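Enquirer: Chains E, D, C and R are the protein sequences, given in the same order.
1 is the number of the first residue of the first sequence in my numbering; add one for each residue after it.
1 is the number of the first residue of the second sequence in my numbering; add one for each residue after it.
1 is the number of the first residue of the third sequence in my numbering; add one for each residue after it.
1 is the number of the first residue of the fourth sequence in my numbering; add one for each residue after it.
Don't read these hints as lab results, they were simulated from the structure.
Bear in mind that the values here come from a model prediction, so they are computed numbers and not experimental data.
Ideal placement from N, C-alpha and C gives every residue a C-beta, glycine not left out.
Accuracy of the hints is not assured; some may be wrong.
[Claimed, not checked] Heads up, incomplete: computed chain E residues facing chain D, CB under 10 Å, no partners named:
#, residue
1, Arg-163
2, Pro-202
3, Ile-243
4, Leu-244
5, Gly-250
6, Pro-252
7, Glu-253
8, Val-255
9, Lys-259
10, His-260
11, Asn-264
12, Pro-268
13, Asp-338
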Amino acid sequence: MELRSYIIRRLVLLIPVLFGVTVFIFGITMLFSPGQRASLYVTSPRQLADLPAIIERYGLDEPFLTQYGTWIGQVLSGNLGWSNVASMPVWDAIWHYLPATLDLAIFAAPLIILTGIFLGSTAAAHKDRPLDHGTRVVAIFGWSLPTFWLGLLLMMVFYGYFRGFLPPGRLSIQMDMVVNSADFIRYTHINTIDAILNLNGPVLLDTLRHLILPVITLSVVNVAFIMRLMRSSMLESLGKGYILTARAKGLPERVVVNKHARRNALIPVITVSGYLFAALANGVVITETIFNYKGIGWWAWQSAVRLDIASILGFALFNAVLFVGVNLVVDILYTRIDPRVRLGEAVQ
Amino acid sequence: MEDLIRIRDLSVRFYTYEGVVHAIDDLDLDIKQGETLGIVGETGSGKSMTALAILRLVPYPGKIESGSIVFCDKDSGGELELLKLKEDRMRAIRGNKISMVFQEPGAALNPVFTIGDQISEVFLLHRRQELGRRAKQRVDSLLSDGNGLAAGLKRPFWLWQSRLYSKIAEGPHPLEPRFLSHLPLFRRLLWRLKDEAGLLTVDMLKDVEIPDAARVAAHYPHELSGGMKQRAVIAMALACSPKLLIADEPTTSLDVTIQAQMLELFRRIKADKGASVLFVTHNLGVASEVCDRLAVMYAGRLCEVASIEEIFLHPSHPYTKALLNAVPIPGKELQTIPGALADALNPPPGCRFHPRCPSAMPMCQQERAKLKEVSRDHMVACHLF
Amino acid sequence: MSKRFSKMGWIVLAALLCLSLVLMPGCTTSPAEQEEEEEEPGGPAIPYKNDGIFVAMTIGDIASLDPAWGYDTASGEQTDYIYETLIWWDGESADQFVNVLADDWELLPDGVTYRFHIRDGVKFHEGGDLSPEDVEYSFERAMIQDRDGGPLWMFYVPLLGVGGYGDVTFADIDAAVEVDGEWVVFTLDDGAFAAPWLQILCGPWASIVDMEWCITNEEWDGTEGDAPNHNNPERQDSYLFDHSNGTGHWKLNLWDPAIQIKLEKFDGYWGGAVPFDWVITQIVDEWTDRKLALLNGDADHVYVPRQYIDELEGIADLTIYKGLPQLNLDGFFFNQDISEVSTYVGSGTLDGNGIPRDFFTDLDVRKGFCYAFEYDTYLEDILKNEGEQMGSPIIDGLAHYNPDALMYEYDLAKAEEHLKAAWGGEVWEKGFKFTLVYNTGNDARKSGSEILANNLFAINPKFQVSVLATQWSSTLAQIVSGVYPMFNIGWMADYPDPDNFATPFLHSEEGLFAHYLSYYNAEVDDLIMQGRYELDPTARKAIYYELQDLAYEDPACIYLFQPQGRRYFTKYIKGFYFNTMIPGNPGPLHDMSKSES
Amino acid sequence: MSDWKFMARQLVRNPLSLMGIIIIVVFAFIAILAPLVAPPPGGHWNPYLIPRDGYSATPQPPSEEHIFGTTQGQYDIFYGVVWGTRSAFRVGLVVIGIVLAVGIILGSLAGYFGGVIDEVIMRITDIFLAFPALILAMAIVSVIGPSLRSVMIALAVVSWPSYARLIRGDILQVREEDYIEASRGLGASSGRVIIRHALPNAIYPTLVMASLDIGAIVLSAAALSFLGLGAPEGYADWGQLTSFARNWIVGPPGDPLKYWYAVTIPGLFILFFVLGWNLLGDAFRDILDPKLARR
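This is chain E alone, in the form it adopts within the complex (with noise of 0.2 Å):
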């Protein structure tokens, strides 16, 4: 009950910043001049006498609030436009393309947090020893990695020096022809769920294959951040006086480190696993940019670049939907991780 009220209450205040974010993503696009966006719906110059129909047909050179009154009217009844670069509505481009990039993440998330917390507690319980500078130098390497760089060398490396062994895509032709044929059943679009669920071995392994240098790429960075974070918040942790007590009481260092610092250092690495959504969001657009793999966040590169404005729109808006309900999701997690957080103080 208590909970509920605060979620509504959460939600109610929502709806003010969705609609400043459609506001905002909406007037970007209308920095456009009308023929410029015109002449986004030509593609050679044979069309060129067209572009004052096409305006005309689409009312480009309508006032702001207009077009701005259009486009939320057809957004509200689920209808965010035409994505060129996909040949498909938005809303389904975005169900079209997620599920290669949640192939990513499935495998990204979990590595990032559990390889996070673990490198960032031992770290700490080995504070100022070698160890400690080991990994944290090793940390703060990754954490100045360009990503985009460090996924040219893995291909530089596995796609020329051991060629074939790890293959750019999402899945071989053969692998291809088995997914799309009759007898496999896509239940999910996540081949490598889908694979499991028709127990297709060979499939399987090809995705994984062609898995392994994104999820690579797409993990460092974020990993590095993950354990800085825990690092510190355990240091902190551990230098509470209830570590002290407990190491008093007689307990195992075993028990001290995992028992009483670890829930506690967690709590704020909870907290921050909203901003890890942000940086997968990123994240994947560069990796799958680079690895020409083709989900969401290809999309949405090839809709900046080609500029593709509903597509451009309407990935912003999904994704801020989205940050917001994951924050959202975080904030309700804390107030149950930490007993002295009450509901509500959480939102700060």
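Place chains D, C and R on chain E using the hints.
Expert: Frame of chain E, contents of chains D, C and R only:
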């Protein structure tokens, strides 16, 4: 009275970026059976460090450089050299034979566990066998007078449990239960241990005069008042009725009325548990209330040890005198100690107090004074004697 | 102290470790070289994979599967596989034809009536039978759809002599294509130009669709009343956008937009055996990925951008076709009437910090520029010698192309001479500043622009041309609004006829470029008109030869090169031949085959 | 400012941060001395445009006149990375500048006056924080047209809110301090109170955080450039140099790592630049962190 703890030329050093800090310097000190020994001194005089050193909990980058701490414990067979003990045996002593109460009750309790959890943790750790015994009794009683279908169904489990618990009750580290305690589902078989620990916890809380103990046990620390927290901490420390209770400024963070209650509590505990107490404080008044003997420390060294009366009637060391004068007494104007506490990084040579000492002599700057017995059980480290 | 040292040691060690990790790829060249020694000269052997499947990897997705909609090569390529036309190109020829869905045709002596006899026993993928009505419907449906910027003007102009749907009544459209028993009759607009009607009929837009199937799927129902509802629809509003039902060798299996298109062998094909069970076209934007796929045998054909051809030199297992002439032409266009709102002309006057709006009206300026371009460098470095310089829009492969027409060569002396003469010498002493525009991402155009800018600067340091990249969208919009003083863009053939090139480049009214750049030359204009309606080849030849000379004398732009294409297949693909009019990359798939030997 | 001195001492003592300082100083020198290290060709040439040696696409290996070789389109890598250092500093400093200015103004207004102003400003930050940064930046750049300027604008737009919030928080803290009350009591104008009393006491952590964000910002800028949403072709910019190598990661068969120089070198510069700032930042955080302060 024979000694419980015998500390001999104990030295603790801190290796910091700025340099080496001599937190404790060749300290000799005894704690007698059943007495309350107070350690007084300004902040940074090394009194808390001494306490931590006894538990071997000197925090990094500190290090116990040399010396010996002997723990004479009749029932666990004579004298133990704490500094030479294996870590696991030391753990068996911490919180069990020797336990500690910290200055900040707020900080001393883990915010994410309930009071009850944190106290029963001690029982589960040090009183496993006893818990096993109690649990077994309970199961057996169930077995004996349990009838009806439900009981019939549960019987095999009860039998198993009773076997497990008896195992726990006997051996210190019985294999089977330990193995099971790592298996997700079977772990459940051992839940009665927790229950028993919980019951003991509640008794413990009652013992430290916490009203409505059962409910408090279920509370999280942030839901309790400072005094309550401190009581809980004390309860935690007394859980295994230790031989030595170390109290590190237990009352400083509490307001005066609560302080009084706490001191009262301490006296009572000492009375009925017969434990020795090492009472670390900077407050002579408080010390005079609870302590039998008093040790005065300055800059990591011991200046003077004597019975509380001796100290107050015939203070010998100039620093002790200074301290006593610094205690506010109505009608008598207050004298502060000139100069600042010795710099821990590079302390003055010879007697560390000489820069501030009214009656300093040339030799004070060269050599440090040995601890001499000026009168019976009254030791002083000063060239004046 | 020692403690600190060891700590430092650790840090340095860790740092070095990371560094070495980072640098590792850089250092591992040596093993690679060893590998090279083991390499046989012909490069690595390419394994034979995916028997019976033709896998092509290219760039850019298709716009629509609706033949009436598509105007881009990618779409045309796919529709050519799925659908068929009445007649098609005969082998490599651009003016000889073979019968496909028509088994016989004739041009009546009146010169404007084409009659096609429709083959029977032809089945559509969905099972329907081909009838003359289907043919009539296909053409009329296309003309009714006539979307903005679509290809359908190619029907309207010859058949009805007008631009599009807006200019005619339903009756006109209905009358233009008629069924006469087994025959389908096209009546061209009399006085229609020698427009290559037969060549237009070979294009994807002339594909034949199944009337019944279309109507059952809410396409145009054939009545006048329903026509407006199907004119100029949104791409996705046409049912044929992502559904197809042709008579071609392959039928659509899956279109996974921006990822791949899978075509499946059509067993009921009237023409007998079909070479490939599957035709898979994957969209792979990254060159590296395409290259690897080709060398690993995962792809049978990939699109190889010109700048990477060196990387595939001397690989034995590849079959490479080079120097294939393409019907398109790039140029630097002069804007002779720059819009006053232009921000690309500096001060806007001839004071050394800008150019006046009519700067390029001066013939000497344009000629000077033409002489100032380093054609050979461009050919070698940027076109990798895959191209042929052109002196006019009438390019090689079009009828009446004059191989020895005059054209400008790189000659700074002549350039200087003209620029000295320009604007009564003012240009030379004052100098000028303006911005030369090309569309982002087109390396060739960027380099070309830079070459020109550098050469002008070399002639006279007061000649300062800055090169600017703009996005395609703004490029087009700005051309229309006429703010660019000069820009680099190209034109591609719809059908191989000189008129299709002369008009856009040179005709002051109808010509896209000429119009927006205010290029006007009366002589040129009526030569174009004459040429368009002249039926006698010799006379026509004369006209276009003259036109080519005029184009040289009064240049509308710096004519660059007619680029040449290239095709890369694994050695297992046989039977490719090049016809410049067949859209897309792989070429005439139905005549090709794949086998291990 | 004894804590400044203390911090300086710590930074120099701590080997990590020392390494960071050295790296940054080196880059600073490269940036300042760029015209000497890599002299631009004469004429009206904009020094930020990388000179080309021919127009062929294939990268050329390191040689005397191109010590780092040339990348796709014969752009001289050495020249590119040297002047790229300037671009990097420019982007970093400009963006941080803007962000700080905006953040401080809005943040202190919100924090000091609270109430409606606070509410409004915070909701606005909510709007901006509702997007994953890079994605919003991408959208903005793509629409206002790729160029270094757009990149800076975009990055500023996406990163000011967090600063506004930080400042707001700190102002809220000091607002209650006695000396603020005092100066209010003395009838000083709000503006004066903010500038003279509140800010100087609240801004310190923000400044530190800002200075350390430069690395991250340069990284995002490079990412945008790499995605083709940054500097125009041929502009000296690390991200773009890296993207030039995109099509050359795999050499011809038999020499797969032929073009390693085009791939690795620009990336290394980005890595070390960012690394420098992060090393410094990490040390700063440890020092500033009260819980980890020296015993």
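Enquirer: It remains to establish, for every hint, whether it holds in the given structure.
Expert: Outcome of the hint check:
Of the supplied interface hints, the one on E/Arg-163 is violated, with its beta-carbon coming no nearer than about 46 Å to a beta-carbon of chain D, more than 10 Å. Taking 10 Å as the C-beta contact cut-off toward chain D, the hint placing E/Pro-202 at the interface is violated, the least distance being around 34 Å. Nearest Cβ of chain D to the Cβ of E/Ile-243: about 8 Å, under the 10 Å cut. The hint holds. Hint status for E/Leu-244 relative to chain D: holds, with the closest Cβ pair at about 6 Å, below 10 Å.
Taking 10 Å as the C-beta contact cut-off toward chain D, the hint placing E/Gly-250 at the interface holds, the least distance being around 4 Å. Among the interface hints, the one on E/Pro-252 holds; its C-beta lies about 6 Å from the nearest C-beta in chain D, closer than the 10 Å criterion. The criterion of a C-beta within 10 Å of any C-beta in chain D is met by E/Glu-253, whose closest approach is roughly 8 Å, and the hint holds. Against a cut-off of 10 Å between C-beta atoms, the interface hint on E/Val-255 holds, since the closest Cβ of chain D lies about 9 Å away.
Because the beta carbon of E/Lys-259 sits about 9 Å from the nearest beta carbon in chain D, less than 10 Å, this interface hint is met. At its closest, the beta carbon of E/His-260 sits 5 Å from a beta carbon of chain D; the interface hint therefore holds under the 10 Å criterion. The interface hint given for E/Asn-264 holds, since its Cβ lies 6 Å from the closest Cβ of chain D, which is under the 10 Å cut-off. At a threshold of 10 Å, the smallest CB-CB gap from E/Pro-268 to chain D is about 13 Å, leaving the interface hint violated.
Interface restraint check for E/Asp-338: the shortest CB-CB distance to chain D comes to about 7 Å, inside 10 Å, so the restraint holds.
When the structure is compared with the earlier hints, violations turn up for hints 1, 2, 12 and for no others.
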